[in-house]
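> With the sequences and hints as input, model every part of the structure.
Protein chains in written order, with my numbering: chain A, 28 to 346; chain B, 28 to 346; chain C, 28 to 346; chain D, 28 to 346.
Read the hints as simulated data drawn from the structure, not as lab findings. For each residue, glycine too, the CB sits at the ideal point set by N, CA and C. There's no promise every hint is true.
As the list claims (entries may be wrong) - DSBU-like cross-link-like pairs, simulated, lysine-lysine; straight-line CA separation at most 30 Å:
hint: 1; chain 1: A; residue 1: Lys104; chain 2: B; residue 2: Lys234
hint: 2; chain 1: B; residue 1: Lys104; chain 2: B; residue 2: Lys30
hint: 3; chain 1: B; residue 1: Lys234; chain 2: A; residue 2: Lys111
hint: 4; chain 1: B; residue 1: Lys307; chain 2: B; residue 2: Lys340
hint: 5; chain 1: B; residue 1: Lys340; chain 2: B; residue 2: Lys232
hint: 6; chain 1: C; residue 1: Lys340; chain 2: A; residue 2: Lys29
hint: 7; chain 1: B; residue 1: Lys307; chain 2: D; residue 2: Lys340
hint: 8; chain 1: C; residue 1: Lys80; chain 2: D; residue 2: Lys104
hint: 9; chain 1: C; residue 1: Lys320; chain 2: C; residue 2: Lys241
hint: 10; chain 1: D; residue 1: Lys142; chain 2: D; residue 2: Lys320
hint: 11; chain 1: B; residue 1: Lys111; chain 2: A; residue 2: Lys241
hint: 12; chain 1: C; residue 1: Lys320; chain 2: A; residue 2: Lys340
hint: 13; chain 1: B; residue 1: Lys241; chain 2: A; residue 2: Lys118
hint: 14; chain 1: D; residue 1: Lys142; chain 2: D; residue 2: Lys110
hint: 15; chain 1: A; residue 1: Lys80; chain 2: B; residue 2: Lys241
hint: 16; chain 1: D; residue 1: Lys142; chain 2: C; residue 2: Lys104
hint: 17; chain 1: D; residue 1: Lys320; chain 2: D; residue 2: Lys235
Said to hold, decoys possible - Chain C is faced by these chain A residues, among others (derived, beta-carbon under 8 Å):
hint: 18; residue: Met175
hint: 19; residue: Met207
hint: 20; residue: Arg289
The residues making up each chain are set out below.
Protein chains: 4
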Amino acid sequence: MKKIGIMTSGGDSPGMNGAIRAAVRAAINYGMTPYGILSGYKGMIEGSIFELKHSDVSNIISRGGTILQTARSLEFKTEEGQKKAVANLEKYGIEGLVVIGGDGSLSGAKVLDEKFGIKSIGIPGSIDNDIYGTDVSLGVDTALNVIMDSIDMINNTASSHGRTFVIEVMGRHCGYLAVMAGIATGADAVIIPEVEPDLAGIAEKFKKRAADCKTRNILIVAEGAGSAYDFGKKLQEAGTFDARITVLGHVQRGGFPTYFDRVLGSRMGAAAVEGLMNGKTAVMTGLQGNQIKFVPYEEVFSKRHELNNNIIKLLDDLA
Amino acid sequence: MKKIGIMTSGGDSPGMNGAIRAAVRAAINYGMTPYGILSGYKGMIEGSIFELKHSDVSNIISRGGTILQTARSLEFKTEEGQKKAVANLEKYGIEGLVVIGGDGSLSGAKVLDEKFGIKSIGIPGSIDNDIYGTDVSLGVDTALNVIMDSIDMINNTASSHGRTFVIEVMGRHCGYLAVMAGIATGADAVIIPEVEPDLAGIAEKFKKRAADCKTRNILIVAEGAGSAYDFGKKLQEAGTFDARITVLGHVQRGGFPTYFDRVLGSRMGAAAVEGLMNGKTAVMTGLQGNQIKFVPYEEVFSKRHELNNNIIKLLDDLA
Amino acid sequence: MKKIGIMTSGGDSPGMNGAIRAAVRAAINYGMTPYGILSGYKGMIEGSIFELKHSDVSNIISRGGTILQTARSLEFKTEEGQKKAVANLEKYGIEGLVVIGGDGSLSGAKVLDEKFGIKSIGIPGSIDNDIYGTDVSLGVDTALNVIMDSIDMINNTASSHGRTFVIEVMGRHCGYLAVMAGIATGADAVIIPEVEPDLAGIAEKFKKRAADCKTRNILIVAEGAGSAYDFGKKLQEAGTFDARITVLGHVQRGGFPTYFDRVLGSRMGAAAVEGLMNGKTAVMTGLQGNQIKFVPYEEVFSKRHELNNNIIKLLDDLA
Amino acid sequence: MKKIGIMTSGGDSPGMNGAIRAAVRAAINYGMTPYGILSGYKGMIEGSIFELKHSDVSNIISRGGTILQTARSLEFKTEEGQKKAVANLEKYGIEGLVVIGGDGSLSGAKVLDEKFGIKSIGIPGSIDNDIYGTDVSLGVDTALNVIMDSIDMINNTASSHGRTFVIEVMGRHCGYLAVMAGIATGADAVIIPEVEPDLAGIAEKFKKRAADCKTRNILIVAEGAGSAYDFGKKLQEAGTFDARITVLGHVQRGGFPTYFDRVLGSRMGAAAVEGLMNGKTAVMTGLQGNQIKFVPYEEVFSKRHELNNNIIKLLDDLA
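Given below as structure tokens:
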């Protein structure tokens, strides 16, 4: 393999730049020429492809987002779009891809592999930690620290006023961010998609706390479980709590990468290139324990990343 | 004066703990006994009053919010409520007050001074910077750094996607936070209550940027000028921008105090006690240049804190 | 088991407070009474022991250091000291211990178990990541983020001046912090105890960079490999580099715990109490992959925590 | 004036990039062409001069250090060096300069003005806050927040061990950073060049605290007053304190600019260009209260920036 393409796709996540940097430098070390594909499959179709030199990725490891940008592409879902994309790869002589993104992005890579024989290795980039086959996806650690810092600050004002706050965090259909943030901030309750919400129980708990002169309450809601506004209303109906609502929003996605995400991105980026070198394709780099393993796309798509029950229980035990 | 009461009232703001600490220790240095009044005028009415020792305020200078807590009190707006409050002050022998809070809080202190002869010195605590008589209120610096950090993060994801973001910041009827954050983050446009919004002009500007391949746009909206959701909608009607909305919310209020707010709180807290010692009353500590001055309540309420026109112009010039 | 003692010992590390909080609350949930032992074995000998209530550990999860304080105790190394300590535990009816600290601290627990039958479960608290049996010790993640932030800042000024910086980081006899920080910050070279330093090679590399107009160099030195001042001098002897030296010092130990260390502390604290409940003793909680396992003290002391060779290689490949 | 040069010189300080960005954009707004001069007077002599476009300064406002780099130039102190520098300015048709740096940098600009008629406006960039004519120099606010965060962290570990720490901060011959950091962190004592150190008094104070069971002590030393190591030794000689020493070092200079330094840099950069436009020369932009004023170089060099006595007293009163 002489030329490889590197791209980020879907939602951006912190650490992607570390993965890009590592893939570029590993490729150069192996004597390959790395190319950047701008804006994911959209750029692949439009031919936004350019060589990446060693110095092009200097000093990017500390930056949030992705220097290769990202976009969603409807055209790539069509046969015609895919053919355009493949034609562009051929034009540049690109034989293999490093695809950094969520499951939608890896699905695209799977299609290119199966239908057109384009080799690829995926890197799980997603703050939601909803991808099967890796203990943790690129960006989760940074997102959780951003969420934690935000909730610590809200906690300051909540404590000063003795108020109830309902805070909505990201995570799509997955409660990972909510639960982990809940443990880390000492939240009083968490509502997640994986568990039927017990509003009455939460209201009861808050009343007990109030009887104990603890009028500050923090309830974290995972977006996949519903809206913080709705739960805030229901909570008020269930009791007398005048809850304030905060939707943390896009700050969760845009954090400056932590040590963990910089190292994870570096390891996965280098491993992906090494995998391509060794003829691997249609696999994703997964962090399993302390090791980077290759997980077949098949397996990635066949299962869901489950939330550990012990972790859910831990939050309740410590609150 | 032998005994003074210290309280925080209205919305909490970072730096209040530094002011409390300084007031307590300055009072002790002058041989006075400082008392904490919990939850502002509510606690004054309810008699939640207790002595504060030197060590009670150890290590609080770095904490957000206010250890004395704060609340709004409807009862204090009544003659009856005020009499209860005054009775409690008399019960504890409290002859003077340090009142830390916004203009509502200082209004209460003015009433106590005029109707009941309770001496007081106010400290302007408000992240909105809307109080006349001080260049900057306690908490503004911290709030602006929190807002800036948040917008930097949103900028990371906005740049990765080439997207338009509309970000709503606090400030009540005042555009100070929005304008300053706009300059500090290199925002593309700002909408504030002080200036008639020009949506068409902003849409035009964003179109020009898009023609220049700059599809990332950051528009900051001061809450006093309207809702980010409304302006986002209008922007979409005026062009083709698919704007994302973020309402920063209560994180803006709960930040961990910066160096500036810790020092400002310390200076104002000590100055307030010194003022009481020297027989001053019905004045607010104001930062004017590098000096702490005493500004009569009369004057504080008679004018509005105006946003410097040069600053508004600067943002447009640099964007 | 009705009463347990909780203590921190040796060097403090971020996340200890999360472990204390979890141990206290888990114990209360199991119907046990948790006691805090102040300043480790020193307090055990002096009888600084007191009950810890649920609310005593409120809001401590976000704080650095340890609320139970820590100290080194020479007296505990003597038979007489140990007997005093055991007598105090008996006085309070404490049947089991949660010991949070480094290998010295766990050695003490081992002695108490073997000689006096005092049951204990250890929690590895050490920023150096030098404890065998756990992928990562409590405090490592926070320390690495603090180190990374510091080096990012030094990088700003180094880049502005085109200067060489030699930065000394902690880690005792272990190069983990240095290597991981090196990858995360894109450092140009790292010197660690595990690998013979190649000053000539580093000087050569820096000269090549200079020929390439890259006059900024970052060299990270693990304290166990020698002093940054010495290596700076040697570097100057080996070439013409006017190196600036920074010894990061105790900031590395005092960080405010990250999400990871708060959750790890919570999990380990709860697991330790559960282990005591189930009759376990003389084992340490270890994070292995995503699981908390119990590792016998024997095993912990029998081996060294090795630095992964791939990780060392990765740094060189990406620099 | 059609063409202006912009440069940073001497030690770098946070906010310089904001000033560069503002100067570039203000110049373009006025119809002038801005040029960057690399590495200060060194680059002026070597002819490292290039046009700066609007987009060249995009996204730099949030970055530490200076994109124009900085260096010290011995050659510029010679008549010959100055002539080379002036010849290069003439070559590019540069008629005026914006010089961002400390007093050494402004001295250079004064020479160019007086001997060669090169117009210039200075911007005080220095973390030490030792420049007369401005309440605060560019970079001071960021440096103080970095120092404060570091001392907060050291405080965590100091409190856990009940230890004495001596912490050395920057500031050259000026105690500003030490005193302000002392107030902001609640330090127990500060040693600065402006006041004769009273080691015996400090040792006495620490002994009193120890008698009060407060064994944690924080002593901040300004570098201009001597070395932290020396004071640590003297303290041990004066009592029994086993003091730990930390020299904060270059992190203090390399911080990511705060809101305040970004706005101050923006204001000063724009004002400097406006001044040149209006025919001003040999003046420095100074922040006086809320206003940017022009202060003649003469005046800047004629006096010293004095530390406010009330501030020194405040620290002692509150400790």
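> Confirm or reject each hint.
So, going through the hints one by one against the coordinates:
1. A:Lys104 with B:Lys234: With Cα atoms ~28 Å apart, Lys104 (chain A) and Lys234 (chain B) stay inside 30 Å; holds.
2. B:Lys104 with B:Lys30: Cα-Cα ~25 Å, so holds.
3. B:Lys234 with A:Lys111: holds, 29 Å
4. B:Lys307 with B:Lys340: Roughly 40 Å between the alpha carbons, so the hint for Lys307 (chain B) and Lys340 (chain B) is violated.
5. B:Lys340 with B:Lys232: holds, 16 Å
6. C:Lys340 with A:Lys29: Since the Cα atoms of Lys340 (chain C) and Lys29 (chain A) sit roughly 23 Å apart, the hinted pair holds (cutoff 30 Å).
7. B:Lys307 with D:Lys340: Holds, because 21 Å separates the two Cα atoms, which is no more than 30 Å.
8. C:Lys80 with D:Lys104: Measuring from Cα to Cα gives roughly 69 Å; hence the hint is violated.
9. C:Lys320 with C:Lys241: Roughly 47 Å separates the two Cα atoms, so the pair is violated.
10. D:Lys142 with D:Lys320: Holds, at roughly 25 Å.
11. B:Lys111 with A:Lys241: Given pair Lys111 (chain B), Lys241 (chain A) holds - Cα atoms ~25 Å apart, limit 30 Å.
12. C:Lys320 with A:Lys340: Since the Cα atoms of Lys320 (chain C) and Lys340 (chain A) sit roughly 18 Å apart, the hinted pair holds (cutoff 30 Å).
13. B:Lys241 with A:Lys118: holds, 27 Å
14. D:Lys142 with D:Lys110: holds, 10 Å
15. A:Lys80 with B:Lys241: The hint holds at about 24 Å.
16. D:Lys142 with C:Lys104: This hinted pair is violated, its Cα atoms lying about 75 Å apart.
17. D:Lys320 with D:Lys235: violated, 48 Å
18. Met175: Holds, because the Cβ-Cβ distance from Met175 (chain A) to chain C comes to roughly 5 Å (cut-off 8 Å).
19. Met207: Hint holds; Met207 (chain A) Cβ to chain C Cβ min 6 Å, cut 8 Å.
20. Arg289: Constraint on Arg289 (chain A) satisfied, holds at 4 Å.
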